[in-house]
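S.K.: Residues per chain are reported as follows:
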Amino acid sequence: MDPIHQFQIQNLLTFGHIGGQEIAFTNSALFMLIAIAVIAALTIGATSSRALVPGRMQSVAEMSYEFVADTLRSSAGSEGMKFFPLVFSLFMFIVTVNVIGIIPYTFTVTSHIIITVSLALVVFLTVVVYGLYKHGLHFFKLFVPSGIPIYILPLVTFIEVLSFLSRPVSHSVRLFANMLAGHITLKVFGGFVVMLGGLGFLGSLGAILPLGMTVALTALELLVAFLQAYVFAILTCIYINDAIHPGH
Amino acid sequence: MDPQAAKMIGAGIACIGMGGAGVGVGTIFGHYLAAALRNPSAAQGQFGNLIFGFAVTEALGIFSLLIALLLLFAL
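Top line first, the protein sequences correspond to chains A and R. For the first sequence, our numbering begins at 1 and goes up steadily by one. For the second sequence, our numbering begins at 1 and goes up steadily by one.
These are calculated hints, taken from the structure and not from any lab test. Treat the numbers as computed from the prediction; the structure is a model and nothing was measured. Backbone N, C-alpha and C fix where the C-beta goes; we use that ideal spot for every residue, glycine too. Take the hints with a grain of salt, since some may be wrong.
Using 25 Å as the maximum straight-line C-alpha spacing, the simulated SDA-like pairs for lysine to any residue come out as follows [as the list claims (entries may be wrong)]:
#, chain 1, residue 1, chain 2, residue 2
1, A, Lys82, R, Gly48
2, R, Lys7, R, Ala21
3, R, Lys7, A, Val188
4, R, Lys7, A, Lys82
Using C-beta positions, here's what the derived DEER-type ranges look like [what the hints assert, rightly or not]:
#, chain 1, residue 1, chain 2, residue 2, range
5, R, Arg38, A, Ile44, 44 to 54 Å
6, R, Met1, A, Ala40, 30 to 40 Å
7, A, Lys141, R, Arg38, 29 to 39 Å
8, A, Arg73, R, Asp2, 37 to 47 Å
9, R, Gly26, A, Leu209, 22 to 32 Å
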């Protein structure tokens, strides 16, 4: 069994070729569309009745709205609320895609670094462009913390610039590697069950252990799926806060 | 040495780095729990900081895991 096989991108519909590159509708695109459909059904369907006492669907939608709004308000202030649509879309997309990926035989979109890098670069460019637009050259005060002795200021500035530039890397790799590692671990333990099950009766008895482990790991993956989406959202909020208030 | 064997050894060595992230994440959650038991009413307000510290620390461990995965499957 190959634990990497589950991440393979398959073409479902090939439209043609442009400059040697294949243009196709892949399973990755299919699962992104499914995620969008789920989010749209949740948010539009839940708010269509607008009951004063919310039902189940409406509660989920309202709770996720309040959850993201609280996170953004506490880390970027009320000024940051103009970025709420961005943060809410990112959070809902990542959490939905991650949770769909746990279901067996589905595809985890966020286990491909190209997806997470695209999301992280959207955040990074938003921060840089908005920071420069709002504060002009004062945005670069972000790299020069106040209250630092002058003789170590160049070093601190260098470190600040370096850490700012490595943000999109760590932002994207964290989500991607967590999803990738979690799914590989699940597949490896699933492979143990198959291997032991092939050894006859005693092997089948022994296979109960990795089977239980797989169930426990799936529960852990559910936690990780939510936690990583939350981490992505909260880091987005913190970076946006830097763009709004660049002075330390 | 056989390049394949060297890759496997390198991947194993790269995974040692995750131990450091383990220590760091344990420190963060341990200190959070200790502080939360002293002052439970203030604990909820620091949850965001907890997750932020966890994420920043965990990223370094993930980087070493990434090196291991690259050595095993990509390079």
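S.K.: Checked against the structure, which of the hints given earlier come out wrong?
M.R.: Violated: hints 4, 6, 8.
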